[in-house]
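Those protein sequences? They're chains A and B, same order as listed. Residue numbering for the first sequence follows numbering that gives the first Met the number 0, starting at 0 and increasing by one per position. Residue numbering for the second sequence follows numbering that gives the first Met the number 0, starting at 0 and increasing by one per position.
Read the hints as simulated data drawn from the structure, not as lab findings. No residue lacks a Cβ here, since even glycine has one placed at the ideal position from N, Cα and C. Be a bit skeptical, because a hint or two may be false.
To be verified - With a straight-line cut-off of 25 Å between C-alpha atoms, the simulated SDA-like cross-links for lysine to any residue are:
id, chain 1, residue 1, chain 2, residue 2
1, A, K307, B, E114
2, B, K131, A, Y252
3, A, K353, B, P116
4, B, K125, A, K293
5, A, K307, B, F112
6, B, K125, A, L312
7, A, K293, B, E114
8, A, K316, B, R120
9, B, K125, A, I241
What the hints assert, rightly or not - Which bits of chain B does chain A cover? Going by a derived footprint, with three or more residues having C-beta under 8 Å, they are:
id, segment
10, 5-12
11, 15-21
12, 112-122
Here's the letter readout for the chains.
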Amino acid sequence: MEKHLEKDPVGAYGHTPLPLEKELEGRVRWFIRLRWLAVLGIFTFSWIPARVFGISLPLFQISCVGLGVLFLNIFYSFLRGPVLTKEWFAHLQVGGDWLGLIFIVHYTGGIESPVLYYFIFHIIISAVLLPRRACFLDATLALIMIACLALLEAVGVIPHMPVKEFFPWYLYRHPWFILGELFFLATTFYGAAYLATSVTQLLKKREAELIVAHERLHKLDRAKDEFVLRVTHELRAPLSAIESLLRTVEEGYAGQVPEALSDILGRIMRRTGFLLQLVNDLLDFASGKLERPKKEEYEEVNMEESIKNILSLMHSKIEGKRLKLSVDSEHVTLRAVPTEIDLILTNLIDNAIKYTPEGGSVGIINKRVGRQVMLEVRDTGLGIPEEAKPRIFEEFYRAENAKTLEKEGTGLGLAIVRSLVRHYEGEISFRSELNKGTVFTVRFPIKDDSRT
Amino acid sequence: MAKILIVDDDPDIVEAMRMPLEANHYQVVSASSAKEGLQKVLKERPDLVILDVMMETTTEGFHFAYKLRSEAPDSPYKDFRKLPILMITAIHRTTPFRFSPRTDEGFLPVEGFIEKPIEPRVLLEKVSHLLKK
Numbered sequence: 000m001e002k003h004l005e006k007d008p009v010g011a012y013g014h015t016p017l018p019l020e021k022e023l024e025g026r027v028r029w030f031i032r033l034r035w036l037a038v039l040g041i042f043t044f045s046w047i048p049a050r051v052f053g054i055s056l057p058l059f060q061i062s063c064v065g066l067g068v069l070f071l072n073i074f075y076s077f078l079r080g081p082v083l084t085k086e087w088f089a090h091l092q093v094g095g096d097w098l099g100l101i102f103i104v105h106y107t108g109g110i111e112s113p114v115l116y117y118f119i120f121h122i123i124i125s126a127v128l129l130p131r132r133a134c135f136l137d138a139t140l141a142l143i144m145i146a147c148l149a150l151l152e153a154v155g156v157i158p159h160m161p162v163k164e165f166f167p168w169y170l171y172r173h174p175w176f177i178l179g180e181l182f183f184l185a186t187t188f189y190g191a192a193y194l195a196t197s198v199t200q201l202l203k204k205r206e207a208e209l210i211v212a213h214e215r216l217h218k219l220d221r222a223k224d225e226f227v228l229r230v231t232h233e234l235r236a237p238l239s240a241i242e243s244l245l246r247t248v249e250e251g252y253a254g255q256v257p258e259a260l261s262d263i264l265g266r267i268m269r270r271t272g273f274l275l276q277l278v279n280d281l282l283d284f285a286s287g288k289l290e291r292p293k294k295e296e297y298e299e300v301n302m303e304e305s306i307k308n309i310l311s312l313m314h315s316k317i318e319g320k321r322l323k324l325s326v327d328s329e330h331v332t333l334r335a336v337p338t339e340i341d342l343i344l345t346n347l348i349d350n351a352i353k354y355t356p357e358g359g360s361v362g363i364i365n366k367r368v369g370r371q372v373m374l375e376v377r378d379t380g381l382g383i384p385e386e387a388k389p390r391i392f393e394e395f396y397r398a399e400n401a402k403t404l405e406k407e408g409t410g411l412g413l414a415i416v417r418s419l420v421r422h423y424e425g426e427i428s429f430r431s432e433l434n435k436g437t438v439f440t441v442r443f444p445i446k447d448d449s450r451t
Numbered sequence: 000m001a002k003i004l005i006v007d008d009d010p011d012i013v014e015a016m017r018m019p020l021e022a023n024h025y026q027v028v029s030a031s032s033a034k035e036g037l038q039k040v041l042k043e044r045p046d047l048v049i050l051d052v053m054m055e056t057t058t059e060g061f062h063f064a065y066k067l068r069s070e071a072p073d074s075p076y077k078d079f080r081k082l083p084i085l086m087i088t089a090i091h092r093t094t095p096f097r098f099s100p101r102t103d104e105g106f107l108p109v110e111g112f113i114e115k116p117i118e119p120r121v122l123l124e125k126v127s128h129l130l131k132k
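Okay, chain A solo, but in the shape it has when bound:
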């Protein structure tokens, strides 16, 4: 059986904006992880050529640089929180890396060094982390450093340390070679900076647009819920009156009801009953999303007790269908609003009973698993058809086979459950096989702060 975890593609219920900061932090951590690889590269690509192929490299100096980068990265990896996403921290990282890189360039032949290409990586990194201007600035700084190094080596202020096996000894003093090398480096750097920032800027712009669109959608969704709430409130009073009057007529208080009328009355009452149910569900749904209960309304809800209460209300339905009922319930408490927990339980258990044929079984498990309260409601019922699986939490959606068995259903039950479970930062998932049964699993996190 495939497991389905409900997803919310537009985040219309999530109420949290896209976590830009979090994402940036993730990227920085990724760069820190990449740097371990770079350190490994420094050691392997100096020691192996030197020791295996006998290439003349100043191993001691290069290893010192490798150790320097290693220590810096150990320091970075201990940093936590908002400091990681600060612009100066990005500059610090890029600057530190370049210092290391320029030393390695120096020890592997200065302007002749093949390591020069590696500057590209950092131009891409700063394109991702920093605004476009800062990225170009970084590219320029890199070029200035390289040019200075080349010049100082050419005029003999600092020693030239060639890799004899790579280039003729005089190249580093050849002005055309230096100029040519610098020209192509400059165009490569700026080209890379331009291309990389173009892509990242486009992505950043899209991200910003997405946030705006998300907020707009959230507002619209709210407006819709407010409208639904108002309308259903208005519908409820006349419906209650109709239903109350019908009951008095049906019970004969307005005089003996002739048989033909009694039949019609029954039909009318079934339909008004459904309407009332719909209005109540809509109220639960819209208000559950709009108004959160006050703090005072939260209490330690004894799940075991709540399940017992709900089951006692459904006793006759279970008996009527001769369902085998098994309850495996632990004493666990959850900080919640009792009526909301009752709603979740009622909807899930009622569905299990409704969609299980006579003689089938319904099972409820309720226990604490680690830092979570787990609630499982399983049945041996209709099951959910494959094509309905992605949609069953949608408002008003009802699977075809559910409609055949139970003509009148509002299609709101699971939407209410999902919305409430979300308020408790829980998650709901299900597994189902057609004609075999369905298992709904709800997990609520237990929070320490809410227990006080």
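Given chain A's structure and the hints, the job is docking chain B onto it.
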């Protein structure tokens, strides 16, 4: 024969309650606002009040109950402080003030609750239970 005062601004709900009550030989009088209800308490001297929580304003039912129960020595309703009240809670858990018998019973000076839509059988049970007390 017990006299029952129904305070509700919805005449259809009043009617839906009047029919079964009268069929069971209760005498029924009604009022469509808290103000009228309080006047009728003095005039009709009922044995029980059935009170709608939400009338014109959402708190009208509460005001009625608090006025009737007022401990003020010069309260005009001091003879009726013990008059039992059955409160109609058509409201759902989603009213503007999220009132519910389950959580607020302690704060409400009423003896019982009944839900809308009214079920005649339940209504009669509650009424006879409260009158026996």
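These are the hints, each one checked on the structure:
1. K307(A) x E114(B): It holds: about 23 Å lies between the C-alpha atoms, which stays within 25 Å.
2. K131(B) x Y252(A): holds, 23 Å
3. K353(A) x P116(B): Satisfied, since the Cα-Cα distance of roughly 24 Å is no more than 25 Å.
4. K125(B) x K293(A): violated, 31 Å
5. K307(A) x F112(B): holds, 23 Å
6. K125(B) x L312(A): Status holds; Cα separation ~19 Å.
7. K293(A) x E114(B): holds, 24 Å
8. K316(A) x R120(B): holds, 21 Å
9. K125(B) x I241(A): Holds - the C-alpha atoms of I241(A) and K125(B) are around 21 Å apart, at most 25 Å.
10. 5-12: With 3 residues closer than 8 Å to chain A, the segment 5-12 of chain B meets the three-residue bar; holds.
11. 15-21: Per the Cβ count (4), the hint holds.
12. 112-122: holds (count 6)
In terms of the numbered hints stated before, the structure departs from hint 4 and from no other.
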